[in-house]
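A.B. asks: Residue numbers for the first sequence follow this note's numbering, so the first one is 1 and each next one is one higher.
Honestly, the hints are just simulated from the structure, not real lab data. Remember, predicted model here, so these are calculated numbers, not experimental data. Cβ atoms here follow ideal geometry from the backbone N, Cα and C, with glycine treated the same way. Hints may be right or wrong, so weigh each one.
[To be verified] Subject to a maximum C-alpha distance of 25 Å in a straight line, what follows is the list of computed DSS-like cross-link-like pairs (lysine-lysine):
1) Lys139 with Lys645
2) Lys521 with Lys32
3) Lys440 with Lys488
4) Lys151 with Lys139
5) Lys350 with Lys300
6) Lys283 with Lys151
7) Lys511 with Lys559
8) Lys151 with Lys703
9) Lys811 with Lys779
[Stated by the list, open to error] Restraint ranges, calculated between C-beta atoms of paired labels, are given here:
10) Gln650 with Ser681: 30 to 38 Å
11) Ser178 with Asp280: 17 to 25 Å
12) Lys614 with Arg419: 31 to 39 Å
13) Asp595 with Arg635: 40 to 48 Å
14) Ala101 with Pro481: 58 to 66 Å
15) Gly560 with Gln650: 28 to 36 Å
16) Tyr352 with Arg144: 28 to 36 Å
17) Leu741 with Gly560: 43 to 51 Å
18) Arg635 with Gly68: 53 to 61 Å
19) Ala101 with Asp595: 27 to 35 Å
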Amino acid sequence: MDYPFFELEQKWQKIWRQKRIANAPDGGDKPKYYVLSMFPYPSGELHCGHASNYSIGDVISRLKLMQGYNVMQPMGYDAFGMPAENFAITHNSHPRLTTEANITAMRKQFDGMGFLFDWDRELSTCRPEYYKWGQFIFKRMYERGLVYRKKSFQNWCNECATVLANEQVEEGRCWRCSTEVEQKELEQWYFKITDYAEELLDFSDTIQWPERVITMQKNWIGFSLGTRIEFPLENSDEKIPVFTTRPDTIFGVTFMALPPEHPLVQKWLVEEPDNKELQDFCKKVINEDKVSRSSAETTKEGIFSRRYCINPLNGDKVQIWITNYVLMDYGTGAVMAVPAHDQRDFEFAKKYNIPIKVVIQNAERSLKEAEMTEAMTEAGWQANSAQFDGLPSEEGIQKITEWIAENGWGEATKTYRLRDWGISRQRYWGTPIPIIHCPKCGVVLVPDSDLPVKLPENVQVGKTTSNPLLSVPEWLNVSCPQCGEAAKRETDTMDTFVDSSWYYARYADPKNTNVPFASDKADYWLPVDQYIGGIEHACMHLLYARFFYKFMRDMGWVKGGEPFQRLLTQGMVLKDGAKMGKSKGNAVDPQYIIDRFGSDTLRVFLLFASPPEKDVEWNDDALMGAFRFLNRIYRLITGNLEAIKRGKDQSFEPEALSSPFQELLYSTNYTIKRWREDSLSRMQYNTAIAAIMEHLNNCVSIKNPETRSKADLAVYAAALKAILQMLYPYAPHIAEELWQLLGEAKLLHESGLPEYKEEYLVQDSITYVIQINGKLRGKMEISPDLDDEAIKAEALQVENVMRSLEGHEIKKIIVIKGKMVSIAAK
RNA sequence: GCGAAAGUGGCGGAAUUGGCAGACGCGCUGGACUUAGGAUCCAGUAGGUUCACUCCUGUAGGGGUUCGAGUCCCCUCUUUCGCACCA
């Protein structure tokens with residue numbers, strides 16, 4: 001008979017709800033603990049990935065509850081974005097309807113898993129009461145100079161007259177009409193995240209994140225120290241600024257490389273409409289899809305612009321080339337090319353017969369242009385560098401930069417790889433940008449009193465192809481808040497990453513109608529103590545959220561500098577080696593599992609299969625193993641209820657125990673110790689569960705406990721109670737049910753963490769292993785209080801050791817206390 | 001190409017600071033039992049060798065450090081993830 005998981009899970013979910021154990025007050029005597037799992041996109045269906053992620057968060061929440069914290073574990077929905085809009089387009093409906101229906105469905109499924117979410121704090125980014133405050137924050141950023149507009153190239157479908165996201169481009173064509181995608185230059189809104197680049201690079205010791213994520217983020221921000229130099233254009237007042245980390249090579253510049261997107265090139269395109277070669281090349285490169293253009297395999301191509309600039313250091317005339325291998329997004333968008341000392345420049349120069357000039361010599365001073373087969377990128381000695389000849393190139397970097405600064409050609413500077421954050425999306429289903437464009441006043445912010453700028457409801461997203469907001473005149477046309485003249489609303493909406501950059505703060509005060517959140521509540525709850533989410537967010541979401549937090553700190557809204565104290569990046573759920581998903585056809589519906597085996601089984605399977613930060617491979621048989629494990633516990637407790645009740649909370653003298661119960665006492669205490677380390681310190685839940693299983697095996701091996709002495713029964717009852725306490729965070733329903741069956745009045749989390757006593761972990765003999773030259777040659781049981789000399793003597797008496805040492809000379813004997821004796825012999 | 005990880009039985013994984021490799025679970029093999037269940041209980045299960053005790057080999061591959069290496073160092077290979085040719 002399987003245990004009645006269905007009834008008891010329903011029962012306990014109801015009791016937890018009634019007792020409001022998931023609902024955290026904004027204060028009180030207990031210390032606070034804020035557990036946050038990244039909120040989901042409301043697809044309407046709980047998948048195994050959700051079940052896995054949120055199981056981890058729920059384990060942490062319940063552990064913290066047991067430890068007596070005031071635990072907040074909120075849940076909400078990242079509800080804006082393309083999937084809802086796409087669904088609406090294909091099904092000719094409205095995203096709000098499907099989204100709200102999905103939210104209702106998901107909440108029910110979350111409850112079925114027994115997660116302790118504080119539903120009083122639920123939020124959804126697509127609701128005006130939430131996005132009003134996103135608009136409010138946008139305005140405050142604007143006022144502080146952190147928002148600006150600039151032109152940039154976007155994927156554009158002429159047929160649909162709309163911007164396409166990268167994922168809407170399929171093999172260079174529009175996903176809907178298969179028209180070839182072009183690049184169109186559009187005005188876009190940007191957040192100046194680069195203003196915070198330096199601070200974002202600082203993770204100092206207050207942030208307890210996986211080293212891996214910090215490294216990835218540091219590399220993403222990409223700090224480099226270098227020199228900015230301006231190359232004047234020949235016969236013109238214009239200058240081309242470049243950034244280089246190798247000013248020591250500046251005398252070796254033989255051409256200037258510009259991408260077609262460069263403003264100068266864009267100007268030449270307008271000036272020379274009949275230059276077919278130039279027009280065609282630029283159009284081709286700009287329209288190349290960005291992935292293939294950024295691939296290393298792509299051959300370097302370019303055309304000579306027939307223009308020159310001047311190397312200010314030596315007056316050299318430098319050819320200007322337009323190339324496909326330089327990107328507008330990094331540095332100044334122009335590269336001073338030094339083929340002798342940069343591999344890409346070298347390849348390009350070889351292909352187009354551009355001169356190569358060695359300015360850094362190797363140790364032998366033997367480098368000759370004509371003999372080079374690849375660039376010499378190492379440090380060396382300056383050559384062909386005027387007064388700097390003969391200097392080590394490291395010194396050349398410094399001296400040449402000083403000379404550049406003295407002459408006003410440039411300066412030492414820092415550059416980051418990080419780019420400003422483009423937040424404009426030409427879509428309906430997102431937070432409207434609170435801007436009005438007035439023909440007289442220009443860009444005007446919507447007054448706070450008019451927030452939120454609500455999305456118009458009477459939109460049929462499927463009807464138009466371009467941004468649906470353009471097709472709602474009563475929404476689009478407004479009077480200017482400043483001059484009252486006819487004006488138009490901004491139709492761009494915000495990137496959904498904006499919504500998710502501050503939601504963790506809104507949970508602290510989710511119903512506030514005056515400000516995004518009250519500072520006293522934020523001060524109480526923030527920062528998030530434990531954040532849980534996928535590694536895929538290492539660079540984007542986690543960086544944006546840190547940026548927003550620093551901005552909110554500068555506004556005086558929050559304290560401290562980091563939003564997330566600890567971070568756990570959990571793995572994915574895989575099936576047959578691939579990410580589980582509907583599109584792949586390998587999805588397992590968690591509801592199907594819950595209906596047949598209960599959510600406790602699903603939780604234990606997911607948590608036991610691997611440590612939380614690693615991927616979980618789905619396995620039907622292993623799932624059954626989790627189910628059997630819970631059944632064994634249920635049988636053990638319900639089958640021995642009388643014995644347990646008799647022994648429960650009885651005191652005993654360890655000397656009075658029979659030998660199996662002495663061992664059980666040790667097992668109980670040892671297991672609690674391991675479980676506490678694995679659950680609390682190491683957060684390695686798979687081994688915490690394994691420890692419970694081992695202890696369960698020890699308990700099961702005791703037959704007919706009811707025939708035992710009172711002292712033995714006391715130990716027996718304590719052993720089983722410990723199992724339930726240890727099981728609680730992982731399989732809370734069954735643990736709570738059996739706890740109640742034992743006659744406990746309190747809920748399990750109120751019982752506190754299981755405790756162990758060191759005195760019960762002391763053993764009268766210890767197993768030592770004996771190694772000879774690193775090979776295992778024997779074992780011995782000895783008393784723990786022997787000294788090293790006595791241990792050595794004992795070891796040499798072990799029969800197999802004696803045999804192995806025959807004919808060998810002992811060089812050294814090493815004793816590792818409590819573990820082993822290592823003998824080095826010859 | 002750059003960046004970040006990973007590689008241990010038939011499978012998922014364990015070994016926390018360099019100290020008994022393979023905990024725990026799955027699967028498999030044999031046995032017991034039976035209300036025949038997606039049962040339960042007991043025993044075995046890295047490979048080789050031996051009747052057995054033993055012994056040998058073994059953590060992607062190759063070197064090294066050490067009394068001792070899955071763990072540290074160097075090189076190579078493979079796989080996964082991310083990427084914006086990072087000048």
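A.B. asks: Now tell me if each hint is right for this structure.
C.D. replies: A quick look at each hint next to the structure:
no. : hint                           : result
1   : Lys139 with Lys645             : violated, 64 Å
2   : Lys521 with Lys32              : holds, 12 Å
3   : Lys440 with Lys488             : holds, 12 Å
4   : Lys151 with Lys139             : holds, 21 Å
5   : Lys350 with Lys300             : holds, 11 Å
6   : Lys283 with Lys151             : holds, 17 Å
7   : Lys511 with Lys559             : holds, 21 Å
8   : Lys151 with Lys703             : violated, 78 Å
9   : Lys811 with Lys779             : holds, 20 Å
10  : Gln650 with Ser681: 30 to 38 Å : holds, 32 Å
11  : Ser178 with Asp280: 17 to 25 Å : holds, 23 Å
12  : Lys614 with Arg419: 31 to 39 Å : holds, 32 Å
13  : Asp595 with Arg635: 40 to 48 Å : violated, 22 Å
14  : Ala101 with Pro481: 58 to 66 Å : violated, 36 Å
15  : Gly560 with Gln650: 28 to 36 Å : violated, 49 Å
16  : Tyr352 with Arg144: 28 to 36 Å : violated, 47 Å
17  : Leu741 with Gly560: 43 to 51 Å : holds, 45 Å
18  : Arg635 with Gly68: 53 to 61 Å  : violated, 32 Å
19  : Ala101 with Asp595: 27 to 35 Å : violated, 21 Å
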